[in-house]
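> With chain A fixed as given, assemble chains B, C, D and E onto it according to the hints.
Chains as they are written, first to last, in my numbering: chain A, 1 to 651; chain B, 1 to 459; chain C, 1 to 496; chain D, 1 to 104; chain E, 1 to 172.
Each hint should be verified, as a subset may be incorrect.
As the list claims (entries may be wrong) - In silico contact screen, one side only, chain A against chain C (beta carbon under 7 Å); selected entries:
no. : residue
1   : Ser80
2   : Lys178
3   : Ile182
4   : Val189
5   : Leu196
Hints in this document: simulated from the structure, not taken from any laboratory.
In this text, a Cβ means the ideal position worked out from N, Cα and C, and glycines have one as well.
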Amino acid sequence: MPNATYIALIPLLPLAGFIMLGIFGRKYFKNTSGIIGTTLLLVSTGLALYTAYGYFFEYGKVDGVYQKLVPLKYTWLEFSQGVSIDMGIIIDPISVMMLVVVTFVSLMVHIYSLGYMKGEERFPTYYAFLGLFTFSMLGLVVSSNIFQIYIFWELVGVSSFLLIGYYYDKPSAVAACKKAFIVTRFADVGFLIGILMLSFYSGTLDFNTLIATLTSPESNGYKTAAAASFMGVSALTWGLVLVFIGGAGKSAMFPLHIWLPDAMEGPTPVSALIHAATMVVAGVFLVARLFPVFAISSPGALSIVGYVGAVSAMIAAVIACTQTDIKRVLAYSTMSQIGYMMFALGVSKYGGEEGLGYTASMFHLFTHAMFKALLFLGAGAVIHFIHSNEMKDMGGLRKYLPITHITFLIACLAIAGVPPFAGFFSKEEILLAAYQHNPTIYWIALITSGLTAFYMFRLYFSIFWNKDASPSPQGEGRGEVHHGEGGFAMMMPLVLLALGAAAAGFIPFGHFVSSDGKALESEFHLQFSILPVALGLAGIFTAMLLYKKQNDKPDKIAASLSGLYKAAYHKFYIDEVYLFITQKIIFNLIGRPAAWFDKNVVDGLVNLTGNTTLKISEGIKRIQSGKVQQYAIYFLAGVIGLALLFIYVWK
Amino acid sequence: MLTIMKSELLVTAIIFLLLFVKLGKGMKNESMLLLIQVLLLLNFIAGFFFNTEGILFDGMYQSTSMIVLQKNILNLGVYLISLLFSSWFKRSEHMPEFFMLMLSALLGMFFLISSGNLLMFFLALELSTIPVAAMANFDLDKKRSSEAAMKMILTSAFSSGILLFGISLIYGATGTISFSELPQHLDGTPLQVLAFVFLFAAFAFKLSIVPFHLWTADVYEGAPMATTSFLSVISKGAVAFIFISTLYKVFQPMQGTWYNMVMILSIATMIIGNLFALRQQNIKRFLAFSSIAQVGFILVGISSGAKEGLSSVVYFILIYIFSNLAAFGVATAIESQTGKENIDDCKGLYQTNPFLSWVLALALFSLAGIPPTAGFFGKLFLLTAGASTGSYFFITIAALNMIISLYYYLRVIRAVFMDKNEQPVEKIKIDLSAKLGLTICAAGIVLVGLLSWIYDYIQ
Amino acid sequence: MNLLLLILTPLLTAVAVLLMRNATQVRWVSFIGAAVQLVLAFALFFAFRNERMAGNTAEMLFQIQYNWFPAWHISFHLGVDGISIAMILLTAFVVIAGVLVSWNVEKMTKEFYFLLILLSLGAYGFFISLDLFILFFFLEIAVIPKYLLIGIWGSGKKEYSANKLALMLMGGSALVLVGLLGIYFNAPEKTFDLLTLSKSYIPAEVQQICFPLLFVGFGVFTALFPFHTWVPDGHSSAPTAGSMFLAGISMKLGGYGCLRVATYILHDAAKDYSTIIIVLSVIAILYGAFATMMQKDLKYINAYSSVSHCGFVLLGIGMMTKTSMTGAVMQMVSHGLMTALFFAVIGMIYERTHTRQVNEMGGLLKRMPFIGTVLFIVGLCSLGLPGLSGFVAEMTVFMGSWERPDTFSRVATILSCLSLVVTAVYILRAITKTAMGPLKEQFATLTDARWNEKLAAIILVVGIIAIGTAPFWLNDLINPATEIIKQHLMIPTPID
Amino acid sequence: MIEPGLYHLLFISAALFFIGVYGFFTRRNLVTMLMSVELILNSVNLNFIAFNKYLWPNKLDGVFFTIFIIAIAAAEAAVAIAIIINLYRSHHSIDVENAEEMKF
Amino acid sequence: MSGSTVIFYLLAALTLVSGLLAVTTRMIFRAAIYLLFSLIGIAGLYFWMQYEFIAAVQIVVYVGGIVVLIIFSIFLTQQAGDELPKQKMGRQLFSALAAFCGLALVMLQLYKHDFIKTSSPAIEPTVANIGNQMLGVDKSGYALPFEVVSILLLAALIGCIVIALKSKPETK
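Next comes chain A alone, as it looks inside the complex (with noise of 0.2 Å):
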């Protein structure tokens, strides 16, 4: 059995870091931060490989099927007799796979950042933030209850403002960091709600038990669910699709996923850890922690999913393509690699074969998180180098950065799903699942990732090759005497994460995660796959066409595509969508006329009130004559009134 002290040790020593270093980094360890929160973490990690070690190959198979265990579990908020709040570990394969992921890419960025971020006023603060935000997303991937997994969720998101904001005298930072926690906020409150349905028909937060009632068509949890409906959609249903929302919210689906490439305002490393490897993830994991739900009891649901990835996908590898920025093109990829494995899920079915692409999700997820951080940490370096975030600034550095353009060039060739790297498996596994169940997602894919090879290529040589190399950027910054390409700190974790991005496809992922638990022997077909990869090829083969030289060939074509360039350049302006909603709707039509009406009408009927009261006083001051004999008068008139009304009127 797993050791419970073990594993709540992984999420809590970075909690540890955090707090020491929040209350008292910037006192005392102004300089060591870095290396106490390296540390702590790399003893996280040590023991994330360690449980990985035992549940895969130990304890964690009876019967041939990996159990979900629980070693520890504690209430933290009960609301009523069986509906509480536990905070608990789950080990399963998808969480065990997770912790290793976020424990190894963290770890990556630890030690990448002590040579990044050398020097920053607030590094204590930096790693302090990095430790609450691997808690975080820790504490998220061994969540055991939903409500526990939302409190993560909720803690990533802070910690993701966090960082993102990490420059807060940056207004372009600044923005970027309110619209991401904003952004995510909206969907989390359908995520909440939909705990709240899901809950009310479980009877209960805790996964086990609530994926248990909601998948057996006799509990009666299921049949109020699936009987209750709304708009002609049950209220499993419902709730299912709030919670992906959540999800959606979180991973940058579209359409929520504008605040994605503004996120990339904070540090780069930052990028690669939480809005490539771990956070952004976080809503397919979602997904797949209640995938039994979705794929048994609303595969409508599910294929909602299936649509949202794909078409998320397809955009963003479109954008991507126009992108300028090179953390942008790569947020784009990002989002368009989760869109992967979110139609990956979306075109799964529950247990054996056909659960072929919830193992391809999660195995795109792993590799995924290896090459993307690694894309992103090489991009940190060329930045760091260059001190500019623009591709014009950029070009022909492949020999100023020698390992940086080895490592990127190999996490490109997974990125495009070139064989043998990580990518491809994880992809061809993807395509193929989606070839199984549906075509329409099927070609969309593949055309995306055509489009991926190309971007990513397109990246490639606009940094790398295209132009000579000039060492001084044409940016901002110049003048700086450039210091190589950072020290051991920045290249080691490039050359590790190179290593997983090459090699981490050849791990036999669909024996340890699957749908049910069970081994899940993949085949491999080497006709299905010519497609892909020749797709891929093409598109790098365009890529280095239009870019390895500079020429003007890639401005004609944008040229001659004005429209569609245009549109994709403005990130087919669903920005100025949402801005129109909410500064025009929201602020104009709801804010502003509450504000009015409460300061007019609300308040204005308390004044008129006291302001009548005065006026009433006012006008009735002629009573008061200062004449005797008027007094006189209504005296007698007191008396005759009184008599009358009592004689007459009021007996």
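Here is chains B, C, D and E on its own, set in the frame of chain A:
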């Protein structure tokens, strides 16, 4: 017989003592005042001893422990007045005469409370009014003072006429003027209702119930502060006491009628009093209207028609004496030194006179019914007593009127504590007896509420 | 544990404050008094837990009863259950923080502290009263100090705000008074005793009249729509500690009253009026949130957000499930701590920058890392970040509300969930504009918090985090009490 | 002409009463207002005597009431006249409308 | 129609007409004289009812005291020949209306009311009876009111002295 009429005899004795001292002309104002204060204190203390209940003069005069208590409350008030207005008294040429008149009026009130038939009632009422009208004219050099006295004597004569007409009708309809026999003869015929309305109007005039209240503000404003406070506190209290016992005992058969009458007049009184108080600048006028509104509250308690009504009114009057006298005491302290009697003149008072400010604040909070001052309890018990009849509309109006009243009390508080003033009134010298008076009032305001045995004692 | 101590300590502190000679002594005496009170509150908490663990299941513990006005059946009856203790802890936290934050009040220091302590006296008394009369007594005690605090030490349109606050609150208490009298005279035995009344049958038609009176009356205190307009003006004009007390303690008097008096005693009518309460509270939640979005003054932002947040308290009470009522109490505690802290921070910022307009600030985090960090914490708490108290409370309310299966309640819950987004919008707007962004020139020389401000903030932050990370102790404290209220609500109406 | 009885006297008294009231309302001179009050009081006296004679001759309540009212009226008139004279000294007029400085 | 009836009507007419003139005439001195007639008329009515003692008191106190006082005060404060200022017409009409309404109301109630009469034997209002009761302290004695009135008269005296005998008139 001596102990039954003890209160009256004591007061009469003091009056004659003063008369002789005055005629002897051998005393300075200061020592005279001290003598008076001591006498009144003794008089107050004596009120607690040798009390006997009984009926004298064929039912014309009665005394019960409740009546003795009421008289003692009035004694206390008069004693406090003698303390609080010491600076005015010392300056006044006719101080002994003032006290003789005041004590005569007090004597009238004692007889009023003790009266057992309509004749005694009428005579006592006149005895408690006519000297006060003369007292109102005691600022002999001031135009306003004589105007006030004129307004008071004429309106009260008019109201006496109305009262007497009512009494004559009652006499005609029932053949008796004795309080103990009247209830058996009253049956609520229209003529009796008419007579009752005439009688009621006279009470209402004394208590300044709307629409019979119009004289109040003018008289309060013009009269010397000591007279004003006597009028607003002591004479109101006395009339309220006899009003209750008249309504509860004598007009018990007509309770249905008078309940409704009390209710509508109470509502009108509270509203009108408050609305007028809202816009007053002169402190005395302001307190006049506020006391009109307070009477509205007293009527709420009276409307209950039960034992609780009586005890809560007596309790309230006790508190009201402390609160209102404290307010008048502060006002007179300011007025006698600076001649200012407007609310705006009090701006920034707290800067120079924290003691006066706190006493004033306590007094006003008590009048507004804010805990922990006694006024809170007083008002609450009045409302509770009133609510016992189940008329919640009435109680709601009363409770809402408390808000309006709070507004204007807070206006004074605001002036005293918050408003900035380049030239606040200078530091005011308060002589010892006034200080003592204010302290007693403040202590009373705080303690009468919290010490529940006082209420039990009244009960 | 003698509950009188809870009243006597502030009383003695107040008297001692009046006797002190200089401002320093006044501060320390107040601080010591507040600290003693905090210790007492904790002692009470642990004593209560011990009693409960020892199996004492009485509804109210540590009861004391003296006859006060026997003629009116008024007795000085004190006692506590979990809800009261939660509120007392809240009060103790806010009071000590308020005392610390006001350390550098120079104008009429003695009076300032005297009034603060008087206000806390009212709150303590209110929360432990088991007799409706003394409950009302303490409720009103707490009003006038607020008026004076705002009027004397306030800023802006202070007279107007102070007047509005005092009059509206007194209006509320006037309604409460009428409601109480209605109960008093219509209960089978004339009494003001809460426990007796809760067990007796009050005629349905009386309940129908008294419940709205009591609920609206108390609701005014807790910013029930549309009686909330004193909140923005009052809070924004008040001095820092005044706002803290106002929002942190005073608004909770209303919530507590709504729950303990209106809902508990008049349970039949409570059920009938539930719909209206829910509608009003949802309006308060959303409308408050949207109105906040348009505010530019930090204090107005927090004040309007208090309207929105207190809407959750009323929603929790209106939903009348056990969980939702627990959530309401939690929200009271949470909002009390949070909003007190928020006002404290705003006060600190204002003292340094002399502005409260968010647009005029920027980059304050750079010069004031401590204050900036606290601003972040409180902002995040306000928008319901897990690990901080706001989340726990709001989620409990949501879970509780969702327990009601009818569509109406569902829609209400979903609508109030939506406010989470709006809250995020305005909070982020406020804190990013204030603390983040480029530092403005005029703020280049600002200094960070002093020891007293730090201590105050830390005390409140500890409270917020303690609830946020370990809500179970609060939950265990409150739950049995709300369970009893829920049981009451379940009693079927007798047919007569 | 009818044999005069109680109702005649009551009518005279009531009429006199309201004549007095009318005078009180309309006379601007303070002394004449005082005269109106005297009329009012006299009408009441007449009432008392009439009731005593025609209805309740068994006791002398009405008579005594009348006697005391006359005494009171004298006292009241004396004080009133003193006040009026004082007012005249300060206002140089006894027109009631000149003495309305305090109002509203 | 007996002589007594005629006398009654004459007295009634005298009382009411001179009362009315007293409140309407524009000459203040005449008003005082009309008041005097009216009071005498009332005294006559007392005689008519055989309440001689009351009639005597009426004559002595009113005619001999109050009216004289009033006339003195008129001399003190006003030129007797001056016309009185006229009240506004509206006020006059309104007052008349109010008074008439009051009269109507009172008379209506009086006429509608069935007065009961005592059946006990009557006490003669002789001077002896009145005097005995006036100073009696036992049953139906009026000693106490008598004392009260004496205090009142004392107070009135003091008041009048203080107010009216002011040392020097101020000229403000």
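> Now tell me if each hint is right for this structure.
Checked hints:
1. Ser80: Cβ of Ser80 (chain A) sits 5 Å from chain C, so the hint holds.
2. Lys178: holds, 5 Å
3. Ile182: Holds, because the Cβ-Cβ distance from Ile182 (chain A) to chain C comes to roughly 5 Å (cut-off 7 Å).
4. Val189: holds, 5 Å
5. Leu196: holds, 4 Å
Checked against the numbered hints above, the structure breaks none of them.
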